[in-house]
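Read off the chains here:
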Amino acid sequence: MIDYLGSNSDVVLAALRQHVGLAFLPLLIGVVLALPVGYLGVRFGWLYHPLLNASGIVYSIPSLALFVTLPYVLGTQVLSPVNIVVALSLYTLALMARTVADGLRSVDPSLTEAATAMGYRRTRRLVEVELPLALPVVLAGVRVAAVSNISLVSVGALIGIGGLGALFTRGFQLFYTAPILVGVVLSVLLAAVTDLVIVSVQRAVTPWTRATTRRA
Amino acid sequence: MKRRTLLGAAIASGATLTAAACGSGNDPLSTTTSSSSGSATSTTAVVIGSANFPESELVAEMYAQVLEAKGVQVQRKFNIGAREVYLKALDDGSIDLLPEYNGALLAALVEGGAPEGVSSPQQVYDALQKALPKGTETLQQSAAEDKDTLSVLPATKSKYDLSSIADLAPVAKDLSCGAGPEFQERYQGLVGLKSVYGVEFGTFRPLDSGGPLTVGALEDGTIQVGNVFSTDSAIATKGFVVLEDPKNLFLAQNILPLIRSAKNNQAITDALNAFSAVLTTDNLTEYLAKVQVDKQDSATVAKAFLAANPVA
Amino acid sequence: MGDDTPYLLDGSHWSGPQGIPHLVLAHLGYTGLALLCGLVIALPVGLYIGHTGRGSFLAINAGNAGRSLPTLGLLMLMVTLMGLGFLPVLIALTVLVVPPILTTTYAGLRNVDRSAVDAAVGMGMRPWQVLWRVEVPMALPVMLGGLRSAALQVVATATVAASVGLSGLGRLLIDGLSVNDYGRVVAGAVVVAVLAIVLDLLLGLVQRYAVSPGISGRGLRRRGAPVAASGPDPELA
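Chains as they are written, first to last, in my numbering: chain U, 1 to 216; chain Z, 1001 to 1312; chain W, 2001 to 2237.
One thing to keep in mind: the hints can contain errors.
Chain Z regions said to be covered by chain U (calculated; three or more residues, Cβ under 8 Å) [what the hints assert, rightly or not]:
no., region
1, 1081 to 1088
2, 1092 to 1098
3, 1292 to 1300
List of simulated lysine to aspartate or glutamate pairs, EDC-like, C-alpha gap at most 20 Å [claimed, not checked]:
no., chain 1, residue 1, chain 2, residue 2
4, Z, Lys-1247, Z, Glu-1137
5, Z, Lys-1303, U, Asp-10
6, Z, Lys-1295, U, Asp-3
7, Z, Lys-1173, Z, Glu-1145
Which bits of chain U does chain W cover? Going by a derived footprint, with three or more residues having C-beta under 8 Å, they are [stated by the list, open to error]:
no., region
8, 63 to 76
9, 162 to 170
Hint data in this document are derived by calculation from the structure and do not stem from the laboratory. For each residue, glycine too, the CB sits at the ideal point set by N, CA and C.
Sequences are here, hints too, so could you generate the full structure?
Encoded structure:
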């Protein structure tokens, strides 16, 4: 495996680079879109359950199917990475909209009432009180979405655009375990590092959650 | 507030990282080409594609290196999929050039398979010219051929006394055949096997044509007859027996470049023609083995090939 | 696309070894077996860690690590090592099931109201009676939520089995892709989605009726919120 890495480092690095781009761009898009959508699911209570159901349905569509049919729907080229980005953004949105909604709902009502009593209007209250308090839940969701995206990108290898997934198909075609191992290990490492980064951000940004001693 | 700036910084750095990585939309399995280095697709570069099996990738890589040696900008998008997928990519401009097999392409483009009486390399080439999709053209074909075969284990050959595909007709209903999923619907597949040879298999397992699944299944007996490519090293290393094709269902299969006319020019045509003159079935099989058996990557093998067989 | 009749409405696609019912059964089979194996592995470990509180590091991190293994890569690795067959698929899918079950079992048990546990101990219950009579019933909503989550993931992911020559609804995706029949691919996606929804509804019903009414408040009219009716989202544990 080390030999393979040594003699093919440029191939592997290019694969890794593509993988990072294809996993994180949708994450960003999905999270940004999920904030308003999740908020709407809370603001208009009757939207909550349809939102949950819609998310569930989107999440159960197999990724390969989405990668392959999006060119028809969007009019993109068959081999365009845009298909992967859109598909993964949809998955992230489905997961995060629900998480944002749940996070906002989990905020202690007495706190929001206190804020209102102090004179916060709705928008300011949302941005300065509710969202920050919902952050632990939201960031936990971001962790799951990030790891999920990293895993799903490799499925794109079945249509030729898979980041590290290309190493899997290459190794598979040649009965050669080294590239597959390299791909799997790098995938796991990427996910682990991403997870650590998000956890650190979470700790830095929500210092009040560390104040109380909690059961793990 | 400190908290907010931290969160903002995290998001900003995440976005920058993503943007940087996004610059690379190229096939990660390509070696660094003269054009890419992280920039978006250049419209003057020739995009070379390949099907999803090692030989196609190897020949495509050779095309790429030949063109680069002549100063043509090249972008690689390999391992796309089977013909039905990459023809679509060719059609919508995702790729400009790729290696094809004249007989298989003809059978795919003509309704009902290749016309009768067309089976020699020249006949197939001529018939192909009339069937090509608009906006595409083929350049000179090489002498090198890689045919679809139906292969069996030596034990199977002895058991049913098989030497050609025609011998399968009486016993096929007891046999299981494995090939890529597209094999079921192709004329150069189950459809033609039935109409030309009267062969109908008992069961068909959709695996991958000439790929590890089919080879593995043939080896361990899950299937008795497998669609394996004639230049595949597995035939030699695993001792498969290739059944003869007296009626030429699987036609001549000379390798030739299929290119979008809009992207073609004299320099490209000359370079690829010179390369096709140098490629033969024997040297292709020899170098393919370096990829399949020795596990060398196609860029290295292509380079070695071109060093040993220089193109004019 | 070739045919104009939508794939799902064409009668010929509903019979034979490559017909939809056969594929659905195979798909459910892979899903069921993976869930079973995952439960057999993860449940005892999760129960032990959740009940005793020891090895929580393992629970949290094994969960995260398992989730990050790319299923396709794992599958291709297994096939390259062991050859064709169902075992590689089973292993790859089981790896998908273990993290959510482990995490939610552990989290569910840890979040059980300590006073209830103390009361049980005070009543003289042995540790394992405490586990089965108090902790598990109270953690059940969360645990079942984890099972639902795992089931959904497996149903969607079991489509990869087709990429290594097996059956299942992935066949519609892979075969459709090879012959450019997008109608077939869409049909495959639709059937998988429907299957996932039905499975989710069924498990939702199980979740509702398996949880003791004393906890969920089902069928009882009482003031004050019942304890952890639907539980926090297990994925966030």
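Now for the hints, and whether the structure bears them out:
no. : hint                     : in the structure
1   : 1081 to 1088             : holds (count 3)
2   : 1092 to 1098             : holds (count 4)
3   : 1292 to 1300             : holds (count 3)
4   : Lys-1247/Z to Glu-1137/Z : 28 Å, violated
5   : Lys-1303/Z to Asp-10/U   : 16 Å, holds
6   : Lys-1295/Z to Asp-3/U    : 12 Å, holds
7   : Lys-1173/Z to Glu-1145/Z : 31 Å, violated
8   : 63 to 76                 : holds (count 7)
9   : 162 to 170               : holds (count 5)
Of the numbered hints given earlier, the model fails hints 4 and 7; all others are met.
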